[in-house]
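Student: Respectively, the protein sequence lines represent chains H, W and R.
Residue 4 is where the first sequence starts when you use my numbering, and the numbers rise one by one after that.
Residue 165 is where the second sequence starts when you use my numbering, and the numbers rise one by one after that.
Residue 62 is where the third sequence starts when you use my numbering, and the numbers rise one by one after that.
It is worth saying that the hints were derived from the structure and are not from the lab.
One or more of the hints may lead you astray.
[Stated by the list, open to error] Within a straight-line C-alpha distance of at most 35 Å, the following computed DSBU-like cross-link-like pairs (lysine-lysine) qualify:
#1 H/Lys105 - W/Lys234
#2 H/Lys28 - W/Lys234
#3 R/Lys84 - H/Lys300
#4 H/Lys359 - R/Lys157
#5 H/Lys357 - R/Lys84
#6 H/Lys164 - H/Lys55
#7 W/Lys234 - H/Lys164
#8 R/Lys157 - H/Lys357
#9 R/Lys84 - W/Lys234
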Amino acid sequence: MNNLVIMPILIPLITGLLMVAFRRKAVVQRFLSVVALGATGAVSLVLMVQIKDSGIQTLQLGGWEAPFGVSMVADMFSGMLLLTTSIVSLLCLVFAFYSIGKEREAHYFYPLYLFLITGVNGSFLTGDMFNLFVCFEVMLISSYVLISLGGTGIQLRESIKYVLINILSSFLFLVAIAYLYAATGTLNMAHLSERVAEAGQNGILTAIAILFLIVFSLKAGLFLFFWLPGSYSAPPTAIAAIFAALLTKVGIYSIIRIFTLIFYHEPHITHLIIGIMAAVTMLLGAIGAVAYWDIKKILTYNVIVGVGLIMAGLASNSTVGLTGSMYYLIHDIIIKALIFLIGGTVITLAGTSKLKYISGLIQTYPFLGWMFFIAALSLAGIPPLSGFIGKVFITEGTFEAGFLWLGAIGLITSLMVLYSVMKIFLNGFWGDSYLDEEKKGEVKGILFPLAILTLLTIGLGVGAEGIYSYAELAIESLMNPLLYIEAVFGRG
Amino acid sequence: MKEPNDVILRSVTKVAVLIILTFAINLFFSGHHNPGGGFIGGLAFASALTLLFLCYDIETVRENIPVDFKAVTAVGVLISVFTGIGGIIFDRPFLTQAFDYFQLPLFGKTELATAVLFDIGVAMAVIGTAITIISSISEDR
Amino acid sequence: METIMSILIGVLFAIGTYLVLTKSLLRIILGTSVISHGVNLLILIMGGVKTGGPPLLGLDALSFTDALPQALILTAIVISFATTALFLVLSYRAYKVLGTDDTEQMRGNENE
Numbered sequence: 004m005n006n007l008v009i010m011p012i013l014i015p016l017i018t019g020l021l022m023v024a025f026r027r028k029a030v031v032q033r034f035l036s037v038v039a040l041g042a043t044g045a046v047s048l049v050l051m052v053q054i055k056d057s058g059i060q061t062l063q064l065g066g067w068e069a070p071f072g073v074s075m076v077a078d079m080f081s082g083m084l085l086l087t088t089s090i091v092s093l094l095c096l097v098f099a100f101y102s103i104g105k106e107r108e109a110h111y112f113y114p115l116y117l118f119l120i121t122g123v124n125g126s127f128l129t130g131d132m133f134n135l136f137v138c139f140e141v142m143l144i145s146s147y148v149l150i151s152l153g154g155t156g157i158q159l160r161e162s163i164k165y166v167l168i169n170i171l172s173s174f175l176f177l178v179a180i181a182y183l184y185a186a187t188g189t190l191n192m193a194h195l196s197e198r199v200a201e202a203g204q205n206g207i208l209t210a211i212a213i214l215f216l217i218v219f220s221l222k223a224g225l226f227l228f229f230w231l232p233g234s235y236s237a238p239p240t241a242i243a244a245i246f247a248a249l250l251t252k253v254g255i256y257s258i259i260r261i262f263t264l265i266f267y268h269e270p271h272i273t274h275l276i277i278g279i280m281a282a283v284t285m286l287l288g289a290i291g292a293v294a295y296w297d298i299k300k301i302l303t304y305n306v307i308v309g310v311g312l313i314m315a316g317l318a319s320n321s322t323v324g325l326t327g328s329m330y331y332l333i334h335d336i337i338i339k340a341l342i343f344l345i346g347g348t349v350i351t352l353a354g355t356s357k358l359k360y361i362s363g364l365i366q367t368y369p370f371l372g373w374m375f376f377i378a379a380l381s382l383a384g385i386p387p388l389s390g391f392i393g394k395v396f397i398t399e400g401t402f403e404a405g406f407l408w409l410g411a412i413g414l415i416t417s418l419m420v421l422y423s424v425m426k427i428f429l430n431g432f433w434g435d436s437y438l439d440e441e442k443k444g445e446v447k448g449i450l451f452p453l454a455i456l457t458l459l460t461i462g463l464g465v466g467a468e469g470i471y472s473y474a475e476l477a478i479e480s481l482m483n484p485l486l487y488i489e490a491v492f493g494r495g
Numbered sequence: 165m166k167e168p169n170d171v172i173l174r175s176v177t178k179v180a181v182l183i184i185l186t187f188a189i190n191l192f193f194s195g196h197h198n199p200g201g202g203f204i205g206g207l208a209f210a211s212a213l214t215l216l217f218l219c220y221d222i223e224t225v226r227e228n229i230p231v232d233f234k235a236v237t238a239v240g241v242l243i244s245v246f247t248g249i250g251g252i253i254f255d256r257p258f259l260t261q262a263f264d265y266f267q268l269p270l271f272g273k274t275e276l277a278t279a280v281l282f283d284i285g286v287a288m289a290v291i292g293t294a295i296t297i298i299s300s301i302s303e304d305r
Numbered sequence: 062m063e064t065i066m067s068i069l070i071g072v073l074f075a076i077g078t079y080l081v082l083t084k085s086l087l088r089i090i091l092g093t094s095v096i097s098h099g100v101n102l103l104i105l106i107m108g109g110v111k112t113g114g115p116p117l118l119g120l121d122a123l124s125f126t127d128a129l130p131q132a133l134i135l136t137a138i139v140i141s142f143a144t145t146a147l148f149l150v151l152s153y154r155a156y157k158v159l160g161t162d163d164t165e166q167m168r169g170n171e172n173e
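One chain only, chain H, in its complex shape (with noise of 0.2 Å):
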């Protein structure tokens, strides 16, 4: 029992809740978000620290013992995502002070950003199937109103395509937990893994599992993306970054933990078709990447490619592949965040998106230029930033398992990426700058985040050593579900 656990989630819960019972002025608010989430982030690093202790840190919630109750688990794999998601959103947040403006900020920014944490931290750390599907519905409500928030024509028209696709797929959701409920009776995930295990995973548990592959591929953006591009070019940059940076990822979270946990003992057939799905994403998003001459499309396009690349790390089923997809899962979280804010502050600036009407920016904005040339290379994946150790694992994993065509797509794919993001950079910030002097716009405090993030994205690929041990115990626990199910019945 370590009630830690449970504090990523109730430290922004009840700080949104206070601002939206007493309504203070916008500056409370924004300094009790920023004390919130770095809270969150000293909590999951002091998690991380015990975890790397004495191992995974579990809490039955209520004191009913697994699996009657809600257990909550923290192992090092969901402590690092909880640092990085802590660490990135407090740094959009910082970005939103800049951006997002009053009318938003009065319409309960700040309590929605924090319920949105509140939810993905809650993904991250449940050890119950339904417990998931709760938090993933209080990430998804804050996102379907903070995607409408403003209320302009575009964002109503897209965030009602992404309301029903989403609240489709929480059916699908629920269907596929009543179906394995009828078929183990429990929901417990540390309990599934034993019983699926004791049972043998038979035609009815693999095709249950496909049910759950579809689920969390909608809400990922795993080949089944169509409702992404658009959705996450509609709202305001420091919304669409935090989306970019974390929503997908929760969903990546849930298909890399119900297949290394549960589902794993058939994956010549469930690995293989997220195998394929990788592939086809991988190809799609990279062909949307190069094709359009938006920095909105380019980006999104980029987002969904970076699904692609984790998922076939998990797909080659081996410890060097599942080690990449989490080196490359928390350098997505940091360079997707990196990307949309500067993408958005250039359109901001340029007060345009199409590429062919933005020239020179780097004349007026040096800074702003090379950390977006900077965040370039590190998606692409060149040495020594934070996209290349991932990359390198990811495919060596591949490789390892046989699925030559899956490596192989994974560095064609990453070339057309480096082509899509130097396609922005070549035509937005080199040639003849056409912004005149006194339109210049002010950039000091929207600086201060991209440059921590800038300098994040150096770090953790000149760092990589550094945290290797800690990615070694979360790669272990994933590898070996033993682990997790004697953490969670109090057996270690």
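With chain H's structure known, arrange chains W and R on it following the hints.
Tutor: Showing chains W and R alone in chain H's frame:
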């Protein structure tokens, strides 16, 4: 605008609202061991308020019940969460509940449980959400 | 009992799917709520239909029905209630701003 002729609705509402509210409180307290509880009690309470909204216009009801229902929701959830945090303070898992029997004047031997506090929060959250939804759908026309 | 209920769930899903595929926003919302009823029934059936008394203290029943599916349904109902309400408000706003509730006319890239 011409006043609609709804004498029957208004007369019935005046009586019915009281009955519904009483029943809602009854439902609320029968929870925990019998069917009932915060959620259904809160919904019944909200349905009484909705009847008032239907019968009189929103402005009149707002004047007579000057409460921000969004804040009611938030305070309700806060109460529930803090009941859970009570467990943490006594070094038990989050959401641990406790109950005991007390000799109270008038009631005799009564069971008091922290789950009731949690349920009060749930009821407030349900009332707040239901009324917020109804008033935000019907607000502008 | 299970067979009849399965057929009913199938019918609910079919109606819901048909409604979701229509053009009018209001019908789509009705479709999602019909599907949600189908899902809730499914959870109830999957937990096993009545096998004993209701799980309440003070009832001297020999066996009790599994209470977990009912708890799951209650949660699912609350969540679908909230999302439906939000979806209704959202489509009403969209109808006001975009001037149409026909999804066919909401396509395209204007307003960008």
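Student: Does each hint fit the structure? Answer for all of them.
Tutor: Verification of the hints:
1. H/Lys105 - W/Lys234: Given that 35 Å is the threshold and the Cα spacing comes to 20 Å, the pair holds.
2. H/Lys28 - W/Lys234: Status holds; Cα separation ~17 Å.
3. R/Lys84 - H/Lys300: holds (26 Å)
4. H/Lys359 - R/Lys157: holds (34 Å)
5. H/Lys357 - R/Lys84: Distance of about 31 Å is within 35 Å: holds.
6. H/Lys164 - H/Lys55: violated (43 Å)
7. W/Lys234 - H/Lys164: Roughly 27 Å separates the two Cα atoms, so the pair holds.
8. R/Lys157 - H/Lys357: holds (29 Å)
9. R/Lys84 - W/Lys234: Holds, because 33 Å separates the two Cα atoms, which is no more than 35 Å.
Hint violations for this structure: number 6 only, all remaining hints satisfied.
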